[in-house]
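Student: Here is what each chain is made of, one letter per residue.
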Amino acid sequence: MDYRNTLTTCTYCGCGCNFFLESLDGKLTGTIPCKTSPVNEGKLCIKGWNVHQFVQSERRLKQPLLRKNGELTEVSWEEALAFTASKLKEIKEANGSDAIGFFASAKVTNEENYLMQKFARAAIGTNNVDHCARL
Amino acid sequence: MAGLAAAFGSGAMTNAVSELELSDTIFIIGSNTATSHPLVATRIFRAIENGGKVIVADPRKNQIADFAELYIQHNLGTDVALLNGMMRVILDKNLQDDTFIAENTEAFQAFKDALDDFSVEEASQITGVSVADIETLATLYAEAGSASIVYCMGITQHTTGVDNVKSLANLAMLTGNIGKLGSGVNPLRGQNNVQGACDMGALPNVYTGYQPVTLGPANKKFAQAWGVDELPSNIGLTLPEMLSGIEKDEVKALWIMGENPVVSDPDANHVVKALEKVELLIVQDIFLTPTAKLADVVLPGTSFAEKDGTFANTERRVTRVRKAVDPVGDSKPDWEIIQDISNRFGFEMTYTSPQEIFDEIASLTPSYAGISYDRLEGPGLQWPCPTKEHPGTPFLHKDGKFTRGKGLFHAIGHKPPNEVVDDEYPFWMTTGRVYAHYHTGTMTRNSESLDFEVREGFLEMNPADAKTLDVCDGSQVKMASRRGEILTKIMITERVSPGLVFMPFHFEEANVNKLTNPAFDPIAKIPEFKVCAVKLEKA
Ligand code: SF4
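One line per chain: the protein sequences are A and B, in this order. FYI, in our numbering the residues of the first sequence are 214 to 348. FYI, in our numbering the residues of the second sequence are 151 to 689.
Hints are computed from structural coordinates only; laboratory data are not their basis. Heads up, none of these hints are tricks.
Heads up, simulated BS3-like pairs for lysine-lysine below, C-alpha to C-alpha not over 27 Å straight-line:
#1 A:Lys281 with B:Lys443
#2 A:Lys281 with B:Lys423
#3 B:Lys371 with A:Lys302
#4 A:Lys302 with B:Lys423
#5 A:Lys302 with B:Lys427
#6 B:Lys443 with A:Lys275
#7 A:Lys256 with B:Lys473
#8 A:Lys305 with B:Lys423
#9 A:Lys256 with A:Lys240
#10 B:Lys203 with A:Lys256
#11 B:Lys370 with A:Lys305
#12 B:Lys398 with A:Lys302
#13 A:Lys240 with B:Lys473
#14 B:Lys443 with A:Lys305
#15 B:Lys427 with A:Lys281
#16 A:Lys300 with B:Lys398
#17 B:Lys443 with A:Lys302
#18 B:Lys473 with A:Lys248
#19 B:Lys551 with B:Lys262
#20 A:Lys300 with B:Lys443
#21 B:Lys473 with A:Lys275
#22 A:Lys305 with B:Lys427
#23 B:Lys423 with A:Lys300
#24 A:Lys302 with B:Lys370
Turn these sequences into a full structure, and let the hints guide you.
Tutor: Right, here's the structure in full:
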């Protein structure tokens, strides 16, 4: 049996509570609030207590999907990434950099937001980057 | 954010959350704190235990209102009038902090002149709050040793959102309640990493740490660091502008990472049309959301539990996210997906870990310069943290030294909401959250326990209105605005006053955002989610 506790930060609201995610043999089983966190001092709300439940839900996307004949169809990463990159190139060449827009996200990490705006600005050449802060 | 940045030079929460416990008075306006930020609410309850006073202003009564010294229910969309009324009282009673104003602020006279012909009676008439209550509210705030303001989307999601925020900044500066322990202006961020997404430059006008994209040293610095000859220096499109750009055939491709605009944006029917029209729609998410269903290509990302990284919370605290389990199926961390596409596109990225990305961020961002994964092993660090030795910054604008130099007063008058009630659409409608769910429900509705708590959407209605419409608890009603209509169950409650209805926005099958008004604030470009006019009919 492989039981682990991993200290991390809640993904459900801007409080940013810290807790340990409990896992047993690679399955998430629960959360334990972090007592030494200055943010939540050992407390959590109902969302935090249950935050492990959605992660391994049956409904998670497990494979890239590509629209073929109008239907979203499971494909390999290779096919999905090749399609995406070549379409982006095609559109940039035909319509210019500012014909491409990016919605970054208040739900992903800092590093991922950084990388998306870097790609938009340095690779595509547009400042059309925004996220749902406004919403 | 734009409003606070204009007044103080920084748009972030000025204090640490824990400092709220030390405030003598906490003024909560447009924040349903117990529901949307439960662990901030904990601090507010502790402040009450410590003898502090809480005052609440909100068109819909929330839980904290029950514990408040004074709760006032002002009319929807009248925040500026209420705040100006309070400031009128403060000036009339000579409760302002003249020394603070003289030493640390500018444009006070113009602000004061603009208030000259505004009376408390007028404020009372616009807001529907008695003169006596406005006076009590003003005195409780102004006479406190240390007073904090807490606000959220009830303030910002209006066509006058920036005006609302600037008025709150005026109130704080007028009484010197800023730049001290337990005293400041505190916007609570709506989503978990909004602060981080802003800090990272996921905005059309700035790079990381709010460095402008327009021609200047930052533009040059980033071009050099990223190894390109030049970077675009025109300000990019905001989210609603990108959607209308699609309609105008100017935007041809959209890459959406971890967002669900079909459920989260106003005027949902309109959003769907734009997303159906765009030539290339790339959606990167962890579930097949209503937005992902419209995509040309769907890239399965991973949740916070399956990757490493950092978030920045509402009090500017950067903390670690750590991988607890392997990604499900064939899904991949979002940073790897971006890197793969970038490499295929022809722009090389060779990061081996999020830590490497973070080090690059720190090297380019003065407010993050002193932060590293090593230093984040403890309780996290609050930016600005400019050097490796710097302990981080719990509260901003210390001793009246504002980030922008001097605090700036703004002269602001009341403007009605973009859409008001009339004979055809006689009810005011506002939106918000419920305690068990988060945003569009993508994650929480896939959690058994949380789904069990609140299964479906509902509309809150005052008993008097229910009587007129001849409906009871659980009845179906048809609700329509100028933009669309939905069917929903009703819940009868006195939390809302007669003439006002409230609906949570987490539920795609009763998507209240088909009704909301996309009209947005001219500066912040935030849509007016909090106010629209609707009609109701028994279904
Ligand atoms: S545990 Fe609750 S209060 Fe804390 S971050 Fe998560 S959702 Fe927010």
